[in-house]
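**Q** For reference, the chains in residue letters:
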Amino acid sequence: MTPDMSVEVGGLRLRSPVLAASGTFGYGTEVPLLERRALGGMVSKGIFLQPRQGTPPPRIVETPGGMLNAIGLQGPGADALVRDYAPRWAEWDFPVLVNINGESAAEYAELAVRLDRVPGIAGFEINISCPNVEQGGLYFGNDPRAAAAVTEAVRKRTKLPVWVKLTPMVSDIGVIARAVESAGADALCAINTFVGMSIDLNSYRPRLSFRTGGLSGPAIRPLAVHLAHQAARAVRIPVVGLGGIACAEDALEFLVAGCTAVQVGTATFVNPRAIAEVHDGIAAHLEAKGFNSLADLPRYLPRD
Amino acid sequence: MTPDMSVEVGGLRLRSPVLAASGTFGYGTEVPLLERRALGGMVSKGIFLQPRQGTPPPRIVETPGGMLNAIGLQGPGADALVRDYAPRWAEWDFPVLVNINGESAAEYAELAVRLDRVPGIAGFEINISCPNVEQGGLYFGNDPRAAAAVTEAVRKRTKLPVWVKLTPMVSDIGVIARAVESAGADALCAINTFVGMSIDLNSYRPRLSFRTGGLSGPAIRPLAVHLAHQAARAVRIPVVGLGGIACAEDALEFLVAGCTAVQVGTATFVNPRAIAEVHDGIAAHLEAKGFNSLADLPRYLPRD
Amino acid sequence: MFLFDAALTGKRQVARGMFVLGFRAPEIAHAVRAGQFVNLGWSPGPVLRRPFSVYRADGETIEVVLKAVGAGTAQLLGMKPGDRVSCLGPLGRGFEISGSRALAGRAQGAVILLSGGLGVAPMPLAARDARSAAAHVTWVHGARTAVELCSEADGDKIIWATDDGSRGFHGTAVAAAPDADLVLACGPNRMLAAVAERWPDAQVAVETYMGCGTGICLGCAVPLKRGGYDRACTEGPVYRAADVDWAALPAHLPYAVGE
Amino acid sequence: MFLFDAALTGKRQVARGMFVLGFRAPEIAHAVRAGQFVNLGWSPGPVLRRPFSVYRADGETIEVVLKAVGAGTAQLLGMKPGDRVSCLGPLGRGFEISGSRALAGRAQGAVILLSGGLGVAPMPLAARDARSAAAHVTWVHGARTAVELCSEADGDKIIWATDDGSRGFHGTAVAAAPDADLVLACGPNRMLAAVAERWPDAQVAVETYMGCGTGICLGCAVPLKRGGYDRACTEGPVYRAADVDWAALPAHLPYAVGE
Ligand SMILES: Cc1cc2nc3c(=O)[nH]c(=O)nc-3n(C[C@H](O)[C@H](O)[C@H](O)COP(=O)(O)OP(=O)(O)OC[C@H]3O[C@@H](n4cnc5c(N)ncnc54)[C@H](O)[C@@H]3O)c2cc1C
Ligand SMILES: Cc1cc2nc3c(=O)[nH]c(=O)nc-3n(C[C@H](O)[C@H](O)[C@H](O)COP(=O)(O)OP(=O)(O)OC[C@H]3O[C@@H](n4cnc5c(N)ncnc54)[C@H](O)[C@@H]3O)c2cc1C
Ligand SMILES: Cc1cc2nc3c(=O)[nH]c(=O)nc-3n(C[C@H](O)[C@H](O)[C@H](O)COP(=O)(O)O)c2cc1C
Ligand SMILES: Cc1cc2nc3c(=O)[nH]c(=O)nc-3n(C[C@H](O)[C@H](O)[C@H](O)COP(=O)(O)O)c2cc1C
Ligand code: FES
Ligand code: FES
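Residue numbers (the numbering used here), protein chains in the order written: chain A, 1204 to 1507; chain B, 1204 to 1507; chain C, 148 to 406; chain D, 148 to 406.
Simulated from the structure, these hints should not be mistaken for laboratory data.
Check the hints yourself; a few may be wrong.
Said to hold, decoys possible - Below are the PhoX-like pairs computed for lysine-lysine, each with C-alpha atoms no more than 25 Å apart in a straight line:
| no. | chain 1 | residue 1 | chain 2 | residue 2 |
| --- | --- | --- | --- | --- |
| 1 | C | K158 | D | K227 |
| 2 | D | K227 | C | K214 |
| 3 | D | K158 | D | K214 |
| 4 | C | K227 | D | K214 |
| 5 | C | K227 | D | K227 |
So that you can see chain A by itself, here it is in the shape it has in the complex (with noise of 0.2 Å):
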């Protein structure tokens, strides 16, 4: 018998634990749906109210067991994404997220207005990895009240599930977890990139043209974990775990420490099976464990 992979995360019901991460899934039209089955939803590539061109190239280097990406949140802005590809998700058997930034709480906000009650669009996902342009820049991610403004801004104007996806960056990341699940989220993701550099040796010069980028891959995955899991502790509401994650161990690993499901990012641009083979290396597991359902994993979490 199969074992039972379908879970329940922050007002989603998915078929499979197994999500796309932002930015690495494009908006789910670019490449053929394969196995469908193993995904058990999407988040769309990040987006701004506004187009936005995105930095100039070079925009990726790889790095030991990662790469670094500045893309700039290149995108289509509200209008296009509800015009273009809203209609396609609304015909699609698992559910999309869209990832939503912003450079100020009202602009969060504006878009999740815009976006509210749009067909297709099942849930929001904040991403305030992003420069708080009226706070000097620092990032919302950075601090519990920035973090917490955001969420409650986007809560307010929508019923949809607010998923909140945290930066890694932080020294104590159960804070600001439990600033977000106060605000209102009803899961949180964790985490996004780690900021990163990498320099050129014959230029003298950062390799990406945007200076810095985020690193991603499995390079940050023992780090992703253990970010994870302190955001599992933290808090009662889901966590959906991603960083680094390419094969079902991998995966397990953050299910184990405490997630409720898990997103595959850089992994698919390697093995466009990747969610796939994630998906039914987790099945495989429990079938081989003697587990009827995910929910019989056994996990790692000692209260805070």
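Let chain A serve as the given structure and place chains B, C and D with the ligands on it in line with the hints.
**A** For chains B, C and D with the ligands alone, coordinates are given in the frame of chain A:
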């Protein structure tokens, strides 16, 4: 002509900009010291005032591009250090800094008093990635005031160079860097390991007995370069860069990003000749580019 | 788009440091168009796949041509027949040849293939397609010096060019080339910028860093003259030369090696 | 301690999934003692080196015996003759045989080599040294089942033991062994704990994770009965059985595979 590789770092003149990082070179006595000419200096394994047994095994686990360690600062304590190692260091032709640790600012200070003016000890590297027992176990290194307090406590007790080794798990390393600079540090070392976790899928528990460990190795290099760069931008004292350096190109990234010297850590485990290869590769780069000395290497260091 | 493990079938040298590798990849050999590429991955190996133009395609086999410019290419060149790589492709939009406006209505259009260094990569397939469109094919191939010229250039007419004059024309391939109805070019981005000056309508295959090769990462941004970016892996890698904002496209990528 | 690149000279199978690899390593072949190990690294490959006991040493060549238990061992087993690995060794303190107190003053002491699964690794050298100390050597080798027994056990007397009784003694190697003057054992840590119960003075080669193999990382901590830890790579990997705090030593390491 071989380029001039000597550097002046926080009160010490070094013949090479490449040092051995704390905890990755023991006390310098374990492995026959080959190719000393390449070694700018050594930072000894972190020590507390009292002897410490360290954590039970497993203490290390490999991860993609890196490793987690939780050694638990096993060490013989200050008296044994003075008795068994310092006399040997006194005979060497490169400086040895002692990596000092404590559970309170007072303990760091006491250690500095005990080790000050001991022949063979050329300076201190304060490890502020220790839990502050008096403040509920928060790391000194996460809090600018606690970091400054420790620095000042040591500074007052010694005329030897005082370097402060920063922790990477902060949202703005510049704030901590400035705080310890003001408290009297002669140089900064950036960075120590990142906290990570790895889960064993047989026991469904962390692989490390200590549950979490510090991530080191190539995986963290882009993060370390960025943090060292941010620290260098924030202060006027020299910054010693480390984190994932395995070859000369890696070291050059830190130097271009604003560091005055570098430390090699985990790479020595894998390649006992790593330090010599880094040194020789930097010299070869300078020669190939026609620079007569390391001081001529272009830097990328826009001021804040 | 196919994804499968492909076995290395053989290797031969075609210039100093430049080798052709063959892989058993029937699906791709059948489907590939000139200018398209495959994205290769292997383990242990680099994190990301490495993109390579398809050099030739024949029955069950595809070929790629490369030099060791970094760890990934060095590892590929160290492989032995029977070793397997994961092969994703064919990717990208290739050259527009038989259907191109430039050749439309001409009995025997004149096509120039212009390649610098490793820019030979897409040319054998382009020559094949141009010939099957009944065109007259002139291949102009340039490199720094004679021993770096690919020995397998092929066409109705071949023009060699070397920067040091050690073989053929003394100067760049662009300078050596006659005019034609259709120009297809591949090589270092700065050579392609020169192509754009001379033949705004040339079709050029550009090179960028690539994260995925499938259109989802937006890492392969090509700056456009009309503003904004599109994706080398999806809308490209072949562009109308005048459409690319050459000043904004990084020029230090490794096709430059050997040129 | 030597550090150099060693070429793979050959490979042979000695049990189900268990292979012996030979490397050209004259310096180590000459210097190594039974129970010492080499730390192998290669690129592309794992970040850390992988420790392996020296199985045999002969003139210019050393051998190691292994199974694929993870990515690193799988990569080693995929190598072909001529491929090179970086070899660091010999490392650690080996068995004390000719100089041991247990054999002192005896004309022909009785030595038992006790190996479980991959614990055969240090035994051929131990047999060699015991024989040159004029001892009578009994090799007791256990595995889960017959096909997992290493075919190369060697000694004046050989006793086989299998958990399922498919060959030799039905039960563990420890239960199958007679008494002796000197017991040398290697195998899963929990087998060694049983050895410690029966022969407190046995010399046992333990396994731990290793970061460096050279004594500088403190990653290979072996918990001692008298309290504290020391380093498997430096003071070990061979210990007096009763000196180790077996309850505190992780027991799930891969010598266990095949036992
Ligand atoms: C569409 C396309 C077709 C190509 N066709 C060929 C070909 O037919 N023959 C050939 O030899 N080369 C080709 N290249 C370039 C080739 O992909 C790179 O040389 C190769 O990826 C370098 O890998 P490496 O590991 O050896 O180098 P690395 O050590 O990774 O880096 C060396 C340099 O290679 C470049 N590079 C690294 N990763 C990538 C990447 N993912 N995408 C692009 N560039 C990268 C960078 O400039 C880097 O500085 C093509 C590139 C593209 C985008
Ligand atoms: C002194 C010593 C001698 C050894 N001799 C032999 C031998 O002769 N033959 C043999 O087959 N094996 C031997 N081993 C064990 C061997 O080192 C491991 O099986 C090998 O490192 C696993 O590597 P992997 O990449 O295949 O496995 P991985 O995928 O890394 O992990 C599989 C398992 O291997 C273990 N492991 C991983 N890295 C290390 C490490 N650095 N040190 C120890 N264990 C590790 C872990 O338990 C892990 O769960 C010895 C170990 C030690 C400490
Ligand atoms: C190219 C790229 C683009 C990304 N874009 C976004 C984005 O738009 N919004 C967001 O919240 N996260 C974005 N991310 C972060 C990922 O969703 C994910 O949090 C991160 O990459 C860690 O997971 P991974 O290691 O599995 O990739 C992006 C990551 C990459 C590599
Ligand atoms: C096994 C091990 C032990 C370490 N012990 C110490 C220590 O005692 N004190 C300290 O400040 N840093 C210690 N470190 C951190 C290193 O000095 C260094 O900051 C870190 O490993 C990053 O550099 P690397 O990637 O080059 O190893 C240790 C690191 C490792 C891997
Ligand atoms: S390489 Fe990822 S979008 Fe083009
Ligand atoms: S393995 Fe590093 S001290 Fe033993």
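**Q** Go through the numbered hints given earlier and state which of them the structure violates, listing their numbers in rising order.
**A** none
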